[in-house]
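Chemist: Each chain, written out:
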Amino acid sequence: MGRMKFLCDIERCIDCSGCVVACKEGNHIPVRVNRRRVITIGQGQPGEKSISVACMHCSDAPCIAVCPVDCIYQRDDGIILHDKEACIGCGYCFMACPFGAPQFPSGQVFGARGSMDKCTFCAGGPEETFSVKERKLYGQNRIAEGKVPLCAAMWATKSLLAGDADEVSDVYRERVFKRGSGANAWGWNKAYKNR
Amino acid sequence: MKKILLPGLILFWAMTGLAIAQTPENLTTAYRQFNALFTGEWQQYGELFTNLQKNLFPRLFLLVITTIPVFLFLHYIAIGPMSFPHDGKRVYCYNLFVRIIHWMAALSFSLLVLTGFVVIFAKLLGPGYLGITARTVHLVSAVIFSIAAIPLFLFWIKEMLPALYDLQWLMIMGGYLNKEKKPVPAGKFNAGQKMWFWLATVGGGAMAVTGYFLYSHPGNIDILRLSAIIHNFLGAAMVALFLVHIYMALAATKGSLQSMIHGYKAEAELKILHPKFKY
Ligand code: SF4
Ligand code: SF4
Ligand code: SF4
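Residue numbers (the numbering used here), protein chains in the order written: chain R, 44 to 238; chain A, 461 to 739.
Treat the hints as calculated values from the structure; they're not laboratory data. Mixed in with the good hints, there may be bad ones.
[Stated by the list, open to error] Below, in silico cross-link-like pairs of lysine-lysine (BS3-like), each with a Cα-Cα straight-line distance of 25 Å or less: (1) A:K714 to A:K639; (2) A:K583 to R:K179; (3) R:K190 to R:K201; (4) A:K549 to A:K642; (5) R:K221 to R:K48; (6) A:K642 to A:K714; (7) A:K714 to A:K641; (8) R:K48 to R:K201; (9) A:K583 to R:K176; (10) R:K67 to R:K221; (11) R:K127 to A:K514; (12) A:K583 to R:K127.
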């Protein structure tokens with residue numbers, strides 16, 4: 044079985060936030076929860092770069108290590124899912140995660156945190172596949188449908204690659220091979236400056 | 461010809477080298493910057509918290525609630541409780557106000573301990589809504605405890621100030637290691653009670669602050685991680701002394717519980733256990 048991975052090609056990402064909106068709308072994410080977000084460095088300067096990040100579906104994931112309910116688990120294909128009905132919203136996974144991926148909707152009694160929510164790689168959750176409950180709690184299960192995740196499917200510049208790690212790195216390698224990377228990448232410098 | 465070529469070549473290398481170094485499109489640099497933005501100094505507190513929570517905290521709490529009761533039970537069997545005649549003269553020690561806030565603090569603290577354990581061992585004790593409810597009760601109890609602990613702190617602080625003879629008391633473990641009725645060096649409160657007092661009030665304050673952070677999730681995640689670490693260590697210490705306090709009140713000294721209910725202590729008891737107390 045393959046190992047699912049994301050790769051954001053920062054030479055292509057233009058901070059259009061299509062991935063963020065696609066994820067939010069397509070999965071009916073509650074307010075104030077962002078499963079995916081885009082960060083930009085050097086905004087407005089030459090060489091500005093953006094990257095889109097959600098849950099990294101880590102190997103040896105810190106979030107799994109700290110959860111007191113043991114409700115986060117990793118599938119054989121590397122996707123990390125969690126059981127919202129067992130989660131107690133303690134926030135430990137958020138503190139352990141290097142990427143700030145786990146999110147918490149508020150709006151419970153005293154503004155308390157409810158169950159954690161994070162990127163599911165669009166693979167639903169522990170509920171029965173394609174069930175109404177699964178959809179309601181976790182959003183779409185596109186992996187079971189054989190589709191790429193929403194965010195990766197929506198991308199105009201195809202900078203976000205999602206899927207089997209080998210395939211993803213093949214696509215990326217081919218891209219880099221064709222266009223070069225870093226100083227040799229196609230862009231202003233190559234077209235005009237370094238002639 | 462050769463004379464021009466060499467400096468020319470060197471100049472060319474130098475310039476291309478410069479061009480590469482200056483280009484802002486260096487991927488590695490960009491990824492490094494992104495990494496700093498996303499993960500920050502995860503290795504500092506993130507990793508520490510992850511390792512502690514994974515390997516230590518649940519075990520520490522398990523150790524505290526298993527070994528301490530065993531020791532206390534052994535003490536009860538091997539040495540046994542102290543009892544004093546309660547039919548003699550009685551001394552009024554705790555007024556109504558103090559007794560009420562003491563029980564307010566006691567009740568809310570017990571709830572804090574119980575709900576705390578529900579969160580720590582959530583897999584066993586309370587997954588899902590049970591755990592979420594426990595967290596809410598934890599919050600409400602914390603507020604009640606704070607309301608009670610502040611006047612309690614102000615009311616007792618003078619008598620709780622450490623004294624030199626507290627060291628002696630600690631050295632002989634308050635005379636609890638044998639059944640001899642020899643006066644021990646203690647004022648109105650002995651060193652054990654003082655330790656519990658300071659841990660519950662000042663430590664309780666630290667628990668309230670870190671707990672507030674854990675509850676409200678402030679912007680800085682490292683503060684959150686540190687709060688979780690402090691909250692857990694301090695919590696374990698408080699649970700440990702809490703268990704000892706309960707044992708002392710319920711079992712180790714007969715009639716000690718009653719004094720917090722009607723306010724009176726037997727003079728015979730005070731002469732041995734709190735001889736420096738001027739009433
Ligand atoms: S939530 Fe964070 S720690 Fe857990 S798998 Fe995702 S990125 Fe890794
Ligand atoms: S918030 Fe939920 S998923 Fe995260 S560590 Fe706590 S119980 Fe586990
Ligand atoms: S994989 Fe699905 S859940 Fe994850 S960020 Fe993309 S759209 Fe959202």
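Chemist: Can the restraint linking R:K190 and R:K201 be considered satisfied, given a maximum Cα separation of 25 Å?
Modeler: Since the Cα atoms of R:K190 and R:K201 sit roughly 15 Å apart, the hinted pair holds (cutoff 25 Å).
Chemist: Going straight from one Cα to the other, do R:K127 and A:K514 come out at no more than 25 Å?
Modeler: 21 Å, holds
Chemist: Run the distance test for R:K221 versus R:K48: straight-line Cα separation, threshold 25 Å.
Modeler: At roughly 22 Å apart (the allowed maximum being 25 Å), R:K48 and R:K221 satisfy the hint.
Chemist: With the threshold set at 25 Å, check whether the alpha-carbon distance from A:K583 to R:K179 stays at or below it.
Modeler: 24 Å, holds
Chemist: Is A:K714 close enough to A:K641, meaning Cα to Cα at most 25 Å?
Modeler: 14 Å, holds
Chemist: Has the given pair, A:K549 with A:K642, been kept, meaning a C-alpha gap of at most 25 Å?
Modeler: Holds, at about 19 Å.
Chemist: Take a quick look at whether A:K642 and A:K714 sit within 25 Å of each other, Cα to Cα.
Modeler: OK: A:K642 and A:K714 at ~17 Å, within 25 Å.
Chemist: Next pair to validate is A:K583 with R:K127; report whether the Cα-Cα distance is within 25 Å.
Modeler: 13 Å, holds
Chemist: Is R:K48 within 25 Å of R:K201, Cα to Cα?
Modeler: 15 Å, holds
Chemist: Between the alpha carbons of R:K67 and R:K221, is the straight-line distance 25 Å or under?
Modeler: Distance ~33 Å between R:K67 and R:K221 Cα, so the pair is violated.
Chemist: With the threshold set at 25 Å, check whether the alpha-carbon distance from A:K714 to A:K639 stays at or below it.
Modeler: 13 Å, holds
Chemist: Are the Cα positions of A:K583 and R:K176 separated by 25 Å at most?
Modeler: 22 Å, holds
Violated hint for the displayed structure: number 10, the only one.
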